[in-house]
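Q: Let the hints inform the model, and build the full structure from the sequences given.
There are 2 protein chains.
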Amino acid sequence: MQLDERKMKILQAIIRNYLETGEPVGSRTISKYTDLNLSSATIRNEMADLEELGYILQPHTSAGRIPSDSGYRLYVDNLMADKEREVLEMKEMLLEKEDKMDHLLKQVAKFLSVNTNYTSMISAPVCHKNKVKFVQLSRVDEQQLIVVIVGEGNVIKNTMIDLEEELGDDTLLKLNILLNTHLNGLSMEEINLGMITALKMKAGVHGEIIGKVIDAVALAITEDEDLEIYTSGANNIFKYPELADQQRASELVSTFEEKQLLNKLVQETLTDQNQTGIQVYIGNETPIQSMKDCSIVTATYELEEGMRGTIGIIGPKRMDYDKVVSTLKNLMNQLDVLYKKKE
Amino acid sequence: MQLDERKMKILQAIIRNYLETGEPVGSRTISKYTDLNLSSATIRNEMADLEELGYILQPHTSAGRIPSDSGYRLYVDNLMADKEREVLEMKEMLLEKEDKMDHLLKQVAKFLSVNTNYTSMISAPVCHKNKVKFVQLSRVDEQQLIVVIVGEGNVIKNTMIDLEEELGDDTLLKLNILLNTHLNGLSMEEINLGMITALKMKAGVHGEIIGKVIDAVALAITEDEDLEIYTSGANNIFKYPELADQQRASELVSTFEEKQLLNKLVQETLTDQNQTGIQVYIGNETPIQSMKDCSIVTATYELEEGMRGTIGIIGPKRMDYDKVVSTLKNLMNQLDVLYKKKE
DNA sequence: ATTAGCACTCTCTCGTGTTGAGTGCTAATA
DNA sequence: TATTAGCACTCAACACGAGAGAGTGCTAAT
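In order, the protein sequences belong to chains A and B. Reminder that position 125 of the first sequence reads as 124 in numbering that gives the first Met the number 0, one-by-one numbering, no gaps. Reminder that position 107 of the second sequence reads as 106 in numbering that gives the first Met the number 0, one-by-one numbering, no gaps.
Everything labelled a hint here was simulated from the structure, so no lab data went into it. Heads up, some of the hints might be wrong.
Since copy identity is lost for identical chains, a pair holds within one copy or between any two.
As the list claims (entries may be wrong) - EDC-like mimics (lysine to aspartate or glutamate), calculated; alpha carbons at most 16 Å apart, straight line: (1) Lys130 with Asp140; (2) Lys156 with Asp101; (3) Lys291 with Glu250; (4) Lys105 with Glu227; (5) Lys109 with Glu257; (6) Lys291 with Glu241; (7) Lys6 with Asp140; (8) Lys238 with Glu22; (9) Lys130 with Glu189; (10) Lys6 with Asp244; (11) Lys201 with Asp214; (12) Lys238 with Asp319.
Nothing here was measured: the structure is a model prediction, and the numbers come from that model.
A: As structure tokens, then:
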């Protein structure tokens, strides 16, 4: 048996209907819903076929059909049109431009969740390949130094260093020169242990305290590679009865809170890239166990070489894929525009 | 009618029992539960009195009694003992000392929620009174400066400034001297508009660009006064049936997410201080509408003069007040110890 | 190949009766 | 006078069964 065009249309109709209502859909409904002019009996036969093919299922005998994961998958892969919508509101909202990255991210997350009625998440761009643009070591008082490191894209990092010994102003100056000449232009990735020991060698004569300072600098650069993920609209899951029962809701809420789990998703998205930058995980395809009853649409954004982050929309399997995907695409465009402007 | 000692004991017994079970408690239970050796009939009479006094209520005729808000209030005010418990685990956990403040805060929130089975929140210390210790303006490249400001307690702020005009190295040096001599030692509050215009006057000869730079510096100091609040254990509300129904759960989840609302709580706590630093809001006493079925226990911590934050535990009205309060008290002590050590 | 018709299945809802916990009241008791 | 035993009453919770309704699969007719 094969999936001819009519079966396809029926499947599409079933999914569309289910997306709206959330209820199993019966043959009679389809018979009227489509412009195929077929009786409910014929639809029933076709539906039996579709079920055998695995695209739809019955929650119980004598209920209507609901789409299976592979049904959704087919729908997403084939039926989705690229509509361009809602560009206006989005533009407006992004144009209240925020300098601070994290504010922007929070706003984007909020916008997405309000706009789609699903839960959204956004990860701050990670910057392994980000290059060091500027390093400075300054004295705050007798016992404390501050290290400021600025990377491409104006990513700023800083750490305080507690001194246990004297450190003369001349030594400080030398250290600054040393750091700048050796670290400038290097990517954060390239500053590894070997690099550090080499630096220490060069500074060797100045004694062991400099080793400590350099260690602190290295730490400031390498650390903090950890996840910064913002979520918004977690309460939207309560709008979908199939997710809102205690068990599931509790799991989902704690997943959104434990950003660690979401990081899995980010990792997966960043590595497993396709051409459009948009990926859809349906049901069990998701890398996060607790979301096996959800679907996730993710997009990767790239601010500049090596600075990439992930945006995700999490909702029920009957999510309006069409709308979500086009919303995300638009958002990407807007981000691009915004970023280009600022350059 | 008055609240004699026997009524008090019965009330206490009712509340204790209700805290454990979450079910309305009947007269027979109390008759056995307490060491008063009274029959259920007597208890019934007393309970009728207690109800008339407003300390307990019946969800419906012929159900047992549950504590009213004022019942809980009485309990909290009078019956609570200062037990010292669980100091060990807490100590251990805090001693993985974290340099970064926000990590520490997250960890504390997590610890509290895991430890109490309620939801916790913690606000980062706000620092109106925090004093400027160090200001530095450095050139990153031809078009960009970075401002680094370090306050007491090593609170670091920084902003990038985009230059549209040339700015000579000598001008930069002068600016640095100007900023440091005038701002050092001032509290963040004191740096207001008047202060800024005075600064601009002094720098006046150097033209309008310096005005811009100073504005940016002022912005960096005054802005970002906004809330940073971490929550943890939001999913714990699902453990308490009286909070877990869709309506309530949804509201609560979104409240925890919208940190803006929590900020109300922080404000309230910081202003309305009592001697112990610990406050308990029961039911409708809470400043946050969506938590009217909850109780909130808050504590204020102070790292040093003018750097105060709030910790809160949010749970059902039948929360184990005893445990929560003593946990918070211990935590305060630990924070004190930890902080003193680092000084 | 499609359709009408029919018997069948299963969920959902609603009403009913039953159970059990808990009460308030009254009369007896210490 | 304070306490207690006893009893009738109330109400939520649960289980049960009937009936409705939606939907199916199969068969026979078109």
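Q: Against the structure shown, which of the earlier numbered hints fail to hold, in ascending order?
A: Hints 7 and 10 contradicted; others consistent.
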